[in-house]
Structure formats: structure tokens, C-alpha cells
Amino acid sequence: MNRFVDRLLAALLLAIGMLCLARVYFALGGEGAGDAFASARLAFFGSAGVFSALAALLFWAGLLPGRSKPGPAIPLFGRGAETQPAGRPRLRQLFAVVPFLAVLALVADQLGPWSRQPQDAGKSLTAEQPAPSVPEGQDVASAPAPAPEAREPPEQATTPPPPSGNGNHPSDPVAQGANPGASREPAQPPAPASPSEVALAPPALPPEAAPAPAAPPKTVAPLPQAPPPQPTQPDGHRDAVVWLAVAPDGHSILSASTDRTIKLWDIDGKRLIRTLGIHKDMARTALFLPDGARALTAGDDGEIVLRQLADGAVLHVFSSGQNGGVNKLAISPDGKRAVSGHDTGRVIVWDIEKGSVLHVFPGHDWSISGVAVSPDGTRAVSGSIEGTLKLWDIGTGKQLRSWHGHERGPYGVVFMADGRHLITGSGDYTLKLWDLDTGREVRRLEGHSGTVYALALSADGKRLLSGSLDGTARLWDMETGSETALFDSRSGPVYAVAFAADGTVLTGGYDRTIRDWPAGGGDAVALFPGAPD
1 MNRFVDRLLA ALLLAIGMLC LARVYFALGG EGAGDAFASA RLAFFGSAGV
51 FSALAALLFW AGLLPGRSKP GPAIPLFGRG AETQPAGRPR LRQLFAVVPF
101 LAVLALVADQ LGPWSRQPQD AGKSLTAEQP APSVPEGQDV ASAPAPAPEA
151 REPPEQATTP PPPSGNGNHP SDPVAQGANP GASREPAQPP APASPSEVAL
201 APPALPPEAA PAPAAPPKTV APLPQAPPPQ PTQPDGHRDA VVWLAVAPDG
251 HSILSASTDR TIKLWDIDGK RLIRTLGIHK DMARTALFLP DGARALTAGD
301 DGEIVLRQLA DGAVLHVFSS GQNGGVNKLA ISPDGKRAVS GHDTGRVIVW
351 DIEKGSVLHV FPGHDWSISG VAVSPDGTRA VSGSIEGTLK LWDIGTGKQL
401 RSWHGHERGP YGVVFMADGR HLITGSGDYT LKLWDLDTGR EVRRLEGHSG
451 TVYALALSAD GKRLLSGSLD GTARLWDMET GSETALFDSR SGPVYAVAFA
501 ADGTVLTGGY DRTIRDWPAG GGDAVALFPG APD
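For the sequence shown, my numbering assigns the number 1 to the initial residue and increments by one for each residue that follows.
Do not rely on the hints blindly, as some may be mistaken.
To be verified - In the DSS-like style, the derived pairs of lysine-lysine whose C-alpha atoms are separated by at most 27 Å in a straight line are:
id, residue 1, residue 2
1, Lys354, Lys336
2, Lys398, Lys462
3, Lys336, Lys398
4, Lys354, Lys280
5, Lys390, Lys462
6, Lys280, Lys336
7, Lys336, Lys270
Simulated from the structure, these hints should not be mistaken for lab results.
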């Protein structure tokens, strides 16, 4: 019986060996061994074929007996047990198992992803490539160009800068749609006419007598009217204007831009006085000190620079170090303290006179979007991009109150004249009036359809000016909460607003231009245009 099993096993192993060697033969005649992986496969199957053939020979000759099993009369121990033949069980198992592993490899080789030949794969890709679709009935030359994307600062994940900042502040995405053209089917060749049809067909007219086809009616769409050209001036900003501040005497303006420059303008003479300074990265804020002779400027480079207005000389540099870039900056009314908000979520109080740091508030978990200092200079408010507001005691460095005021960051933050109320404008498109003693919302102003990015309060505290990424600035009556005027730039987001000394409205934004608007509404005057493209 054991002999019959060995010969049956030998025949099976011989068949396995032949399959392995056949796989090598056909592979060499077809795809070849083009890479290391294919060469390894061929070497494996060749070795398995030879090994299986050798195993078949050994089993057929009976040279791989199994372990002998003693009969009931043979002792398990002692001299009688030692005389029993031990057989070759391990070698027998090796020569039986390895060929069957080769069978599994053959199956995997046929079903695996590498089984398709490269030539077939290339043909498949070529066959599945669709023909390009061609829109029917459309004149390519007269097709309107796509509208340019409106770039806005981000409204939640990071502190929203204007669109032309550095790579750390991506712009908001703009949804775009596409209308695919209809696919044109290839024309089918006409079927050959039957002999009877040819016989019954009328004789063809000579070419000169054939009537000319009538021209189809044609409608040509006019080109869209181009927007009126914007005024420019060589010394204007070359990128978005993100900050405006009016001097205490009302005769000059400071502006900060994403082109990294700080410029000082003469309102009366409508001219550039000088480029006051250049930051290493996007410039964010520029504020006059109460003496009217100095200014503080800040930017994404993490530096707050004290400059002299007369010649732009740098008097002192406050470096935030590892606390990150400066997103917003505010100065106390007496000019002795400055409060900066950083993209790391920290708020720093600086002693301007001593050139030192008073406090570092690490209370926010997200980037700071807005800061403000109370009229008496004792308290400060900071807001972060997820909507949290915090009230701080500047003298002691203690947090007085914390509350979630908006669904998105409050980018505009100003105190009312009484110091007990606060106004915020946010990425949720709303403006809110807060009672700081209770943290309660007193009033909500609605009307903007984009992030409210900047706020300015008139000197008498009765009018509030807001600038938004919806491209408008709006004037509000703080006693009634009603909107009294709308200023539509029609040229992109408004990032900066301010009141001029004569009560008119100043705006700056995406189009690089500083505009002056009548307080009651109407058309603006391009007070200081941007530089040419």
C-alpha cells in the first residue's frame, strides 16, 4: 500500500514539475525577464520544476520511506526498538511540501495584478481613452472669458490676511462650475445605393449649374464692456491696503499694505510724503502715537517698530521672538502701552517708554484676530479666530472675563467711549455691542454679506464705520443701531476703514487704492490710487 502511494505521489510531483518548467518556457518566449521581479519569478519556477522532478524520481524509486511504525509485538524501548529502520520522514516531507508550494505560486502568478503583460495594459489604456469632446454650436473666439476669482482672507482656520500675503495665509476658495460640451459623434459613411436606386436617380446637374447654398443666419454676440480703468500713481501701494490711521491733527494718513510697506500721506496736498518703512513680511498695522511725531508699525515678521515720522528713522524695535507674527496692534490713549495679538494665540503688553515687555498672555488656543485698549488705558480685549473674546487687566496681567462671542473670529474690535461697552465685527458677518460688566450681548447689527474685517468709531462715539470682505463699507447709528449709509467699492474686499478729520469716510482694500467717501453716501474720490500693474 505504501509503495502504491509513493508512486501516485511521484506522478503528481512530476506533473507539478512540468507545469513549473512550462511556465518558464512560455515566459521566456513571451514577456521575457524585463525587470528584477520577472527574473526572480522565472528563477523560482525553474528551481521548483527541477526540484519537483527530482522528488518524483525519489518517490518512484522508493528512496524516501516514511517513519516505521512498530507492530504490537515490537518493544518501544530496548535493543529490539533500535534495530527498526528509522526512515526519512523529514526529507520526505520536504520533497512533498515544496512542490505544492510551487502550485500555490503558480495560481498566485496567474491571478495576480502582474499577470497582465505590459503590452496588453498599454493597449487597454489606449482603447479606454475617450475622444475629446467638442462643444457644439459655440464660437471659441467669441466665448466669454471666466470671471476672475475674488480673493478673500480665511475666516476660520487661520488669521485672515488680505489675499496677497505670504503662503501661511491661504485665500478662501471660490466655487466654480463647468458646463461640459456635448460630444460630437463621428459621421457614418453613407450606405451604397442599390442598382435600382441608381437607375431611377435624376441626372446630376453640371457643377456650374448647381445652385449655391444659402448662407445661414448668423448672430454675433458683442464683447462684454470692460470696467472703467482705475486711476494709478507710481508711488502708490503695489498690493492690498490693509490698514489706515489718521494723524491726531487730521492732516496725514498712515497706511500698511501686503506689499510690506508703510506709507505716510499728506491729505491736504494729496501726495505721498514718504515711504515710512518696509517690513520683512506683510505689514499689518501702522498707528500714530499721541505726540504726532512717532508711529508704531507691525507685521508678520514679528517686529513692532517705533519710527520717527519726520524722516522714517527707526527708534526702537520690539521683537516678539517665538510668539509669532503680529496680526493686530493697539496703543493706549496716553501712548505709554501697546498691546499686540500674535498668530500663536499670545497677547503681549509692551512698555513703549522703557522698551520692555510687561505681560505675555497665553490664554488663547487660536490665532489672535483683533485687539483693543480701553479709553482709560487700564484694560485690553483680545479676540481669536474661533470666536473667543477675553478681557485683560493691563496693570496686573490678570484675565477678567472670557466668553464665546461669535461663531468666527472677531477681526474688528473697538471700545465705546464709556469703556464699559465693546463693539466687535466678525467672520459670521455680524456686528455686536457687548456689556463688559456682564458679558451680555446688548445689540446686533446685521447687513454685511461677508466677513466684517475692520471697524472705526467716530470721535463723538455716535457713528460706527465697518469694512467687509463683501466689498462694502457701512455707516451705523450707534443710538438706534440702524444703517445710515452704504459705500460700495465695486472693486473687491474692503480691509481698512477710518474717519477723516472732516467727517468723511476713508477706505482701503484689495484694489490698492485709498478712497474718500462723502459721509452721507455717494461716489468716492480716489484719494491715493495704487501703483500701476
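(request) Just pull the numbers of the violated hints for me, sorted ascending. (result) Hints 2, 7 are the ones this structure does not satisfy, whereas the remaining hints hold.
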